[in-house]
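Asker: Chain residues, written in single-letter form:
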Amino acid sequence: MHKSISRSFILSFCLLLTPWASADSNQALMTLLKALQANGTISQDVYESIVAVASEKPVTAATVDVKEIVAKEVEMVTRAQPKITMKDKFEVVSADKDFRLRVGGRVQVDAATYMEDLRKHNDGTELRRARLFVQGALWRAWQYKFQYDFAGNGKIADAYIKYTGLKPWQVTVGHFKEPFSLQEKTSSKYITFTERSLPNLFSPGRNIGVMAGRSGKHWSMNAGLFSNSADGKVGTADEAAYSITGRFTYAPILDKQRHLHLGASASYRNSHSDEATRFRSRPESHVTSTHVVDTKSFNADSSVRAVGEVAYTYKRFSLQSEFYYADIDRVGTDPDVNFSGYYVEGSWFLTDDMRPYSGSKGTYGKIKPNAIVGQGGMGAWQLAVRFSSVDLNDHDITGGDAQNFSLGLNWYANNNIRISANYINILDVTGGAGDSDSTEAFQMRAQVEF
Amino acid sequence: MHKSISRSFILSFCLLLTPWASADSNQALMTLLKALQANGTISQDVYESIVAVASEKPVTAATVDVKEIVAKEVEMVTRAQPKITMKDKFEVVSADKDFRLRVGGRVQVDAATYMEDLRKHNDGTELRRARLFVQGALWRAWQYKFQYDFAGNGKIADAYIKYTGLKPWQVTVGHFKEPFSLQEKTSSKYITFTERSLPNLFSPGRNIGVMAGRSGKHWSMNAGLFSNSADGKVGTADEAAYSITGRFTYAPILDKQRHLHLGASASYRNSHSDEATRFRSRPESHVTSTHVVDTKSFNADSSVRAVGEVAYTYKRFSLQSEFYYADIDRVGTDPDVNFSGYYVEGSWFLTDDMRPYSGSKGTYGKIKPNAIVGQGGMGAWQLAVRFSSVDLNDHDITGGDAQNFSLGLNWYANNNIRISANYINILDVTGGAGDSDSTEAFQMRAQVEF
Amino acid sequence: MHKSISRSFILSFCLLLTPWASADSNQALMTLLKALQANGTISQDVYESIVAVASEKPVTAATVDVKEIVAKEVEMVTRAQPKITMKDKFEVVSADKDFRLRVGGRVQVDAATYMEDLRKHNDGTELRRARLFVQGALWRAWQYKFQYDFAGNGKIADAYIKYTGLKPWQVTVGHFKEPFSLQEKTSSKYITFTERSLPNLFSPGRNIGVMAGRSGKHWSMNAGLFSNSADGKVGTADEAAYSITGRFTYAPILDKQRHLHLGASASYRNSHSDEATRFRSRPESHVTSTHVVDTKSFNADSSVRAVGEVAYTYKRFSLQSEFYYADIDRVGTDPDVNFSGYYVEGSWFLTDDMRPYSGSKGTYGKIKPNAIVGQGGMGAWQLAVRFSSVDLNDHDITGGDAQNFSLGLNWYANNNIRISANYINILDVTGGAGDSDSTEAFQMRAQVEF
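Protein chains in written order, with this note's numbering: chain A, 1 to 450; chain B, 451 to 900; chain C, 901 to 1350.
Keep in mind the hints are simulated off the structure, nothing from the lab.
There could be a bad hint or two in this list.
Claimed, not checked - Mimicking DMTMM-like on lysine to aspartate or glutamate, the simulated pairs with C-alpha atoms at most 20 Å apart in a straight line are:
no.: 1; chain 1: C; residue 1: Lys983; chain 2: B; residue 2: Glu541
no.: 2; chain 1: C; residue 1: Lys1266; chain 2: C; residue 2: Glu991
no.: 3; chain 1: C; residue 1: Lys972; chain 2: A; residue 2: Glu75
no.: 4; chain 1: A; residue 1: Lys72; chain 2: C; residue 2: Glu991
no.: 5; chain 1: B; residue 1: Lys533; chain 2: A; residue 2: Asp98
Please read all numbers here as calculations on a predicted model, not as lab measurements.
Construct the complete structure from the given sequences, taking the supplied hints into account.
Answerer: Shown next as structure tokens:
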């Protein structure tokens, strides 16, 4: 009989000692158990076997059960909530990922001083860019972006709709950058110098149009039909001026340590005889309003522009070069003119950082320092040198033939803050209003991206 | 004795087999139970009764308890969190619903080509509207909206405060649309054609003012005092030019399948002799800058404008018409002039969709396709036809008498994306600069609303 | 034996009666227990001892365990989520507080009527300010703000980066207010009257520059180098025009009931001979475009401006005064000129409210009514009176010497909504275009801050 009783005891106690009992009650029962053994109600071996069995049990059995229930419950609730990203950028993404919203922008504050030679360049400061944008995804396959630049007199930057439902194709309609040139397509936040190089005057920039494109990990191709508007004005001609522009990029080498970018862009631009065509550029500093080269406005019927792109990055080191060519078909008996330009730039990180490249976009992206300021690091430090040249002299058009040399130092305090210092030297100008001018400039920029 | 023992066993086991025990321990104990029955410690019937009693117990008793606790806890926490809406629109609402924030906007990209007759209309593209807005509620009873249109030279659309604390009245102060005309009060995102009809030139649009209104499920009434500003300019006169404008709408029929809208708006506009009054309109396409009818500026002392509104919607089909009348009191001996206009438009959905109507606003709203693209549907497809007429000829004023015929095709891919194609035909113009002109136009629009 | 059995029973029952058992099972077992005692299986005393022991147990032991687990789990999850503030303002703060985003703005709608004397002042309405801003913190130590004012032709208000990592110093770079004058540095949302007083024409306002500052609970000091731009234009001179401006504030008294503000600002402004210098001001109402005092543009080489600030607040009562002085060094033989001005304003809350003052900023802040409308209160009601004077007459410059008297009534319905009524009386003007004019004005403003 005693056996069975003890068994019943063992059972009872094992049960009592399971963790569903609160710590206190466990203790209380252990005390009781000891007492029962002490007054001989249960034998020593029974006592031990109870403790043994009890201790065998996974002490947190029930606790685990609860934890699981809680975790599941909580996860379900939070999974249904939109996810908010604050780091680097502000983004809200719906639980089903079908809807996204980004709000962000950039501010670039410049200060420049000019060591003038022949021509006047005003020292001063400038809000180079002050942009806000709202960007998002709707019903998964539809994306949109609206970005306005409040700097100067203000202008719409991006205003487009992108449809990604026709995989692998993407169709974009609205106001956005024509697919042309590596430096042009690389965001002004991420270009190595404060300004793009002189020959970027050949880049058509942003216009209203429709574009189709597709891409792979190593390549991208985009082509579009655009409204060829001078300075954002559209529909000034009886027949709409238009352009057809395409770009293809390929990255034969693309790994963590190195990438090689090859690209080619071309644009046919029908600008009609009644449209004013003009190529001009400031020095590689924007505070001054004086242009180094300037063809002034002239009548053109159409033009073809092309650019060849090559860039190589190996760890801290990066080399980038583009060659531009433009063939302008003028009106009536005016002889056709050809313009061209190129630049070569090299950059090197003093810190252990690297320029990020996107093979599917064919552009350079956001520099995220390995060790940021405030977290034991000193951010990313980058040295850069660039030589650029553009020739706008041909036949009766004397826009000027200019060479420019620039030195740059960039400090990326973190993913969002960048300070730049540029030394710009207009080596020489031949022809045009800036003939023989050789101005030097020193420029600083503070940039925040949010 | 044995009875009591077995009872104690039953009790013990029933207990052990309750679900607070983890699955493992349950199994372990069943094994033990079997063993005890096998070695005769407990009889067969006792064994069975134990199992029976055990199985009677609600197996998930404790689990349920936990679930409830968790659910309550989690709900309490999440109930305290603001609710974020991503679908259709981005909105954040505080837990107590006293505070709301909406960020959104629209982009409309147009392209138009004109088959010209006598007058010049430039083909081209245009960002028709590019708007961002921030809208919200503060302390429940106070609402605000700020909306800017970045298109063109940019202009403030809405900038107002609305107080809803004086139920059933609402008081609005700031810059917003005067309550006048169905097509004017219907958002440009939801009008059937890309542009409102010709006689909308009589609508005063947005001005600074204060308005009181109230509404029911089937009706709305609003009246306000406004600063009668020409082209947004205000305070140009010594005495402020002002206007008193009111609108009443009633929907005698309003159910899921059909609604009948009746409305009337009137506006008295004191514009002072030193204010330039002008009525003009482009064709029902905005890319061209040429106006079909144009009274040119003339001096007016005051004017009365009125519009009668009627619209009927039955399932896929919708018919809408408005008649406008303006009586202008001119200065000194100049004879008073009367202008008028009207339009009739019909639309029909090829898909199983319907124009949504708000009885409390007296306007048409957002079309949400029954079956959207990407979720097995083809969106909503809508055909539309419209005839509109406006007569700006009276006495010495020859603004022109024009008729316009339009055909429209709309594709609503989803609640946020709309593509429209319009064919516009200026049937005839009598008088004014556009006399005898009969231009045709074809226009496309891509629209995103976010 | 019986003893031990009863013990086993007690144990079993105590266990059964622990709260892991659901309420139902507990009841069932009590019934069983009663039955066993009834049929004599257990004695009365055993029965009672069981109940006794059972009732001794903390009934919610296990429940508490679960609650704790849940609370911990839920808290962990929610702690990882960004925190969203809706009340007063919209702000999202990351879990680690390193990243913040604020989206907000203000709309001020004015209406004014003028009782004219000699000069013309147009009655009318105006959107005085219509601002949106995005503001945030990045990586904790970096802050940014971009604010645009869409009113009028639109202009950039704030566009700056602030680094707080050099404790106790803060360095700000970009476009922001120069540190000058209490009324100028106090937000236009929080100034007592709808417009700042006449002598605020000496305040340089916002310019591009770099500023360093630090502060304590009772004091603040800021000094910066700015690009001295006329009307936001920069770099118009060959050499950049610049200014050095600094402000120091100290609050010897600063407690819940009273605060005394003392402050001094000074600015040296190098504006070069080819820069146009001009001081002018409307009456203390902005709807009219007529200026009460106006020096017209004149050539200046440089100028020194200074302001002495004093303000005292005791509960509902507040007194504020500033004295301005400007010494302008003109070009060549033109005699230097001195201008000056001052104002004294007093305000008193009819309700139990107080102007909030920030000792570390040296400015007045947001009025948050003790009892807001809609929550049993009537908001905050404030009466104010102000006398201001400015003298722009010196040597050949006759900008005018004007005195202005203003009465104000403010209603703060809640933390975000404010309605103001101002009576403005130009007491007298001596010299300049406004000589002997004595216009009166009545102005209303509706303001929302979000």
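Asker: Each hint should be assessed against the structure and marked as holding or not.
Answerer: Hints versus structure:
Taking the CA atoms of C/Lys983 and B/Glu541, the gap is about 16 Å. The hint holds against a cut of 20 Å. Proximity of C/Lys1266 to C/Glu991 is assessed by CA-CA distance (about 17 Å); at most 20 Å being required, the pair is judged to hold. Of the supplied pair hints, the one linking C/Lys972 and A/Glu75 holds, its CA atoms being roughly 14 Å apart against a limit of 20 Å. Our distance criterion of 20 Å between C-alpha atoms is broken by A/Lys72 and C/Glu991, whose separation comes to about 30 Å.
For the hint pairing B/Lys533 with A/Asp98, the CA-to-CA distance comes to about 17 Å; that is within 20 Å, so the pair holds.
Hint compliance for this structure: hint 4 is the single one not met.
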